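Engineer: Construct the entire structure; sequences and hints are all you get.
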Amino acid sequence: METVTITMKNAPALYLEADTISTDAFAGKNAAQIAELPVFEGNNPSTLGKYFEISGNAGATSADTKIVVKGDVKKVKYLGFKMTAGEMVIEGSTDQYVGAWMNGGKILVKGDVAAFAATAMKGGELTIEGNAGNYLGAAYRGDWRGMSGGKILVKGNAGSDTGMYMLGGEIVINGDSEVHVMTHAEGGKVVIKGNAKSKLGGQMVEGTIIVFGSIDVMMPGYKPNGEVELEVDGTKARFAHFIGDMGERHKKKKGVVVYGNLYKKI
Amino acid sequence: MSEYIIKNGHVFDPVQGIKGDKLDIAIKDGKIVDKVGSGAKVIDAKDKTVMAGAVEIHAHVAGPKVNLGRIYRPEDKLFSCTPTKGMERMGSGASIPTTFKTGYEYAKMGFGVAMEAAMPPLFSRHVHEEIRDTPIIDEGAFPVFGNNWFVLEYLKNQEIENTAAYIAWMLNVTKGYAVKVVNPGGTEAWGWGLNCLTVNDPVPYFDITPAEIVKGLMEANEYLGLPHSMHIHPNNLGNPGCYETTLDTMRLAEGIKANNKFGREQVLHLTHSQFHSYKGTNWGDFESGAKEITDYVNKNKNITIDTGNVTLDETTTMTADGPFEHHLTGLNHLKWANCDVELETAAGVVPYIYSPNISVCAIQWAIGLEIPLMMKDPMRCYITTDHPNAGPFTRYPRVYKWLMSEKARKQQIDSFKHKDKVLSQTGIGALDREISLYELAQMTRAGPAKSLGLASMVGGLKPGMDADVAIYNINPDKPVANPDDIEKAFSRCAAFIKSGVQVVSNGEIVSNGHKRTLWVNVKAKENPQVARDIAEKFVKYYSMTQNNYEALGHHFVPNPYAIEVDATN
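Sequence lines, in order, name chains A and B.
For the first sequence, the numbering used here begins at 1208 and goes up steadily by one.
For the second sequence, the numbering used here begins at 107 and goes up steadily by one.
Watch out, some of these pointers could steer you wrong.
What the hints assert, rightly or not - In silico DSBU-like links for lysine-lysine, alpha-carbon gap of 35 angstroms or less: (1) 523/B with 1459/A; (2) 594/B with 1329/A; (3) 1281/A with 191/B; (4) 1282/A with 441/B; (5) 523/B with 1236/A; (6) 1406/A with 191/B.
Claimed, not checked - Some, not all, of what chain A presents toward chain B, calculated at C-beta under 10 angstroms: (7) 1346; (8) 1347; (9) 1350.
Note that these hints are calculated values from the structure, not bench results.
As the structure is a computational prediction, the values presented were derived from the model and not from experiment.
We put the CB at the ideal spot given by N, CA and C, even for glycine.
Structural biologist: Right, dumping it as structure tokens:
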């Protein structure tokens, strides 16, 4: 695997829309060619080389390419956009749309990410060592197709609207979650190891939410369905089981009505 | 204005019966002429196909419901933005493009005229503002009449003259082009939570049937002698078994003769006929009724149709058939928007994905192609996608490919997940007809122009007609190696001259042309009763005053082109 290191040297005055910082866009290019890749600073077309110092050449394919992003990229959006393979390590915190529409490969963010990380993610792995912003693994504005595959791990806390319109895949939040989790979901799983606030699984017709800590306010559309013993991430515990959202239509699979599941550790 | 001469192209012009002969086309002062001087700009069309500018008879390209679609589907714009480039302003949207992108895309395919198929009269100002902002192409808009309270009340008492006077007033104040009817009576019935699924279902409160509305509007249309006929989206759209309602609707035209000075022969235009040609009783035994529909249309010369081809894309459905859109959101569970317009109409909007892996969608695709392939007279059947309902208009070249190449159809059928079901439920597998370039010119140029009453202006290359000329990279002398070449050639024309100005060169926009708004100016007899009824309804029911209703003046219609109709005798 070949490694390309890009280091922020001239911070942009406006937000940088850098959907070309991905293993797929870099694949098969040398450092000089990578520097010529187009980006937008606000609405001004520009090139990557204007902002970043680029060292190393990419591999022949995205799977053979690793990107290390250094320096302050808090004003850079779309890192790892539509990535299908390979690796990316972001050493600090970054802005919106990290790993949006990603389909494979691995992204590690050592700091925090802003909103819309992993929008409509289809596959691959995204690990965030700090905190995640709002709309993690959600659908794009107006769309009904959220995260459908892959895995996201947030070691810190997550913002609101995690997994909105989620269809599949898994999100694990080691810390606490803000309001609205898996709204409108039709599949997938969100695990909250810390505490949750309110509006968990609103209008969810299928999917699973597991909460280890407290829930401030339960949705009225969920009804108790007994207790179960579950093993989650290697931890065995007893959980109260709720099904819902009862206010929504629910599909039948093999004659059995499918509900959204909410588990809260006892 | 400049002069052009288009040399050595293979010309296809149904108006003059020219079938691919090598001819030169001369243009002067915006018109086709016999000859031009030696200083004329020469455009070399050697080994290329030359046709008149295409004419779009039915598309939803401007107005409140189109804009509602744009507003509530940001995801439609997501990966479809085109930045500013040369003459072009930025645009976005795949199934519901911005006004600018709409104009550019039509022009790049060689279209000179497009008709907005459903204008809510109350929002005619909005429609005209969008038309104004759509560059290059000439456009007209059809106000909707099929659920209008005035029309329902007049026709309940068989008052054809009053209906005609009201239509004349409406066309004049909304700068409208033709009489459009959408789910006659059904949309109004929906205000009571009901619908009209046959032509005999009574409309609540008004105590009138769809049959009476349709027949009355046809008669009023011919009483006035309008350029286009009544243009109808019948009841019961999109349901298995709906072909019977469609046949019942068309039978209402029996015995009615066209009366106009524009050369139009039909009295009823059946739009997006694909959606109205379904047999079966449910989605399981759903099958094609294309044969029954085309057999009837082939025999009855006073009817024209357009196709409404499903293009197998993700798109946005939008229609003034409010109850249908509510029904559709119940089927696909995607977001629904509704737009009720006071005394006049009620539109709905729902996204839809025509997936090749779903048998119903694949059968709809096949029915859309069966209809034009079974129609004997290409002058009476026009290609549309009911943009954006069955697919975006930008997919026309793909529809042409399927119609012109049996090989392309077979490839598509073979790729369907439910191939056997498509072949058993439709007749598409047995159709080996391939539409010729001449027939395509009939279906996309001369035919729709004649149906719209524009035959003397557009759709042909006869001297005296408007100089809308499209040149495509197709050499009719050589067999088509790959059907995809047809799609490619019609997607981006080599050159397009619109009203004597070259607007496209090598598929790129080079001028924003001189766009016009086509409308019908009817001079009708004074009718004090109708004038009083209008004034009264505005006072009693409308949320605005009559003075604020009219789309007038330079702001709304900066480049009007009025087609004069004298109905005073």
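Engineer: Now tell me if each hint is right for this structure.
Structural biologist: Hints and how they fare:
1. 523/B with 1459/A: With Cα atoms ~23 angstroms apart, residue 523/B and residue 1459/A stay inside 35 angstroms; holds.
2. 594/B with 1329/A: 32 angstroms, holds
3. 1281/A with 191/B: Since the Cα atoms of residue 1281/A and residue 191/B sit roughly 31 angstroms apart, the hinted pair holds (cutoff 35 angstroms).
4. 1282/A with 441/B: 34 angstroms, holds
5. 523/B with 1236/A: Distance ~39 angstroms between residue 523/B and residue 1236/A Cα, so the pair is violated.
6. 1406/A with 191/B: 46 angstroms, violated
7. 1346: It holds, given that the least Cβ distance between residue 1346/A and chain B is near 8 angstroms, below 10 angstroms.
8. 1347: 5 angstroms, holds
9. 1350: For residue 1350/A, the interface hint holds, since the closest Cβ of chain B sits about 4 angstroms away, which is under 10 angstroms.
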